[in-house]
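Novice: Sequence:
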Amino acid sequence: MKRLLILSFFILEMVTWAFAQTAILVRDSQPVSVFYGASALTSAVNAAESTGDIIVLSSGTFSNPGEIKKSVSIYGNGHEGPDRSYIQGKLSLRPSEAGSIDNIHLEGLYLENHFNILNDGDRSPISNLTVVKCHVTGMFLYMPSNNVVLRNCIIQGDLKTYPGSYTATNMLIENCWKDGGSFNMFTSESTIIVRNSIFNCRSISGFDNSPSFCKATYENCVLAGATLASGSSATNCVYLNTNASASGITSVGCWEANSIENVFQNATSLVYAEGAVPAVKEEYVGTDNTPVGITGGNYPWSIEPSRPSVNVETTLVKDADGFYKIGSVDDWKELKRVVETLNPLVNAKMTADINLGDDQTMIGNGDYNVAANRRPFMGIFDGQGHTLTINYNTTDWEAKTYLGAAPFGYVWNGTIRNLHTAGAITATQEGIAGLIGWTNGNTRIERCHSSVDITFTNEKRGAAGLTYNNYNDNHVLTIADCIYDGTITAGSNKTGSAGLVVYRGYGTVNISNSLVAADFEGGMGTSDCATMVRNPNGIITNCFYKQALNVIQGNQATEEELANGRTAFYLQAGREEMFWGQAIGTDPLPVLTNDESKRVYRSANGYTNDPSLAIADQSLVPLLYTRNSDNELTITGFDPGFAAPDDYAFVIPDEIDG
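In the numbering used here, the protein residues as written are 7 to 664.
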């Protein structure tokens, strides 16, 4: 189904968003159309003009658009995780009879099957094709090419010309991980540079059974399990069971290795696995004094895609990454205007703490319904650790049916991260929360801290520390490494509240490594309330709470455990990158931080910030369990990294076993 939405200054048809997948067509840096559902990409390709249009995809699975015969670029939401942009079948580019298709940019896509550059007869070579941060299941060029760039890509399968040999002029493969199949069939006249990449050309059933590397210039690479073609040159490369003995090969500063463990710090296999980032040992340094392989060079490994620049008329200033800089009340108000009247896809970063005072500005005023003048926030908002202080007092429920009482009234397929919200909300309407009123699509909340005190008296549903509602079926709300430590105060016998998420709707809520340290006061009823997420429980992993609210979810943390570092230690969960820490003796609660001085270690006497006092065993608490409102425990296993003994003694406290 195709629904056309013409933006800006035209009379518009009402559009109701009923699907998670969206494709927005951008022309001349302005959004002009939006399409919905699994066929959204196909509809956007059909609507695109022959040259220069851009398609921006949300997360979700998109049906195959068929052969693309236009110079249209496609930006997705990434190729890993549940929020990826997944394109089914083979994605094929084919020059039309009118001539070549050039200047195409593909980024942030998972391509289910082969990526093909097709040719009907004597067409001009494809030129200026750039593929960035994509997962490509084999790439076949049926024609010559000029200036093709592959960067930060996963290539699982063959990378070759087909069915015969064609010339690739000025092909650059940079910081890519090629897993399986061959890299061959390019003519000897080809000029190909492979830089800071891992090429693991093992045989894969169904692909070329004689993996080999074509003639190319290899720089700062790990070349594994194949034969280097005559005429190649390799500089500061690691030969991992690679045959580089053919005549005419130039090797400068290369190493030979016979096992993966001898080359990499953290890998025992070069078979691609989601989330893996193979980093070489310190002795393997490239010509640019950065590590050999995908973590070095000009483009160290990254999977987060960029978004195309969309021009809007605004006083806001962008940073080098294309994010609007938000550092004042006026900036916050201008961001609302941009989102709700010009472009909901904008990205923004806070550059300073902001106190809104009595200003009631909330960003995102509803689901995407242009006829009703409603647009959600759909971009990335990075608080960069700053605090937004609010003082919302809203009682006009009927006039704000689609607006939650929260800093972000409505977020669709957006990401809010690294933001601290503080202050107070007093409201009678639905959708009351310390961060987002309503969410839709696949929305992420990560590393956010809400300290907002909420008072509500509405006759509908209650309030939540982070977000009120995740609305539609097949949509996923992800909350990772977040804390709510405000207070929720209800009027007489009000129900339907939760520590993090009130209403799950028909979608899925995944909550991990998060803490509810809230106080629930006043006439808070127990009916239809839950500690983390209600209606129904959602998927909760490694979460903690101070005070339960009706349905018990996660693990309880006592006042002592919140203060002495124990809870911070478990929330950090053994991860190398800092998420949680605590200045023990100073911070009353775990804090979201990357300050290494606040990293918590297990010591012989409990927990410490001093690494010299850390004991050798820094594994997590061994026992994983859930507990219901009747204090019944369900043991679900042991934490990763804990070697459980054959016999393990459990002590059941009196307050649990009665």
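Because the hints were derived from the structure by calculation, they are not lab data.
Among the hints, a few may not be true.
With a straight-line cut-off of 30 Å between C-alpha atoms, the simulated DSSO-like cross-links for lysine-lysine are [stated by the list, open to error]:
1) 76 - 96
2) 287 - 221
3) 75 - 287
Novice: Does each hint hold? Answer for all of them.
Specialist: Here is what the structure says about each hint:
1. Restraint check for residue 76 and residue 96: the C-alpha separation of about 16 Å stays at or below 30 Å, so the hint holds.
2. Note on residue 287 and residue 221: the hinted pairing holds, with a Cα-Cα distance of about 27 Å set against a maximum of 30 Å.
3. Pair hint residue 75 plus residue 287 does not hold up; C-alpha atoms about 45 Å apart against a cutoff of 30 Å.
The structure is inconsistent with hint 3 alone, although it conforms to all the rest.
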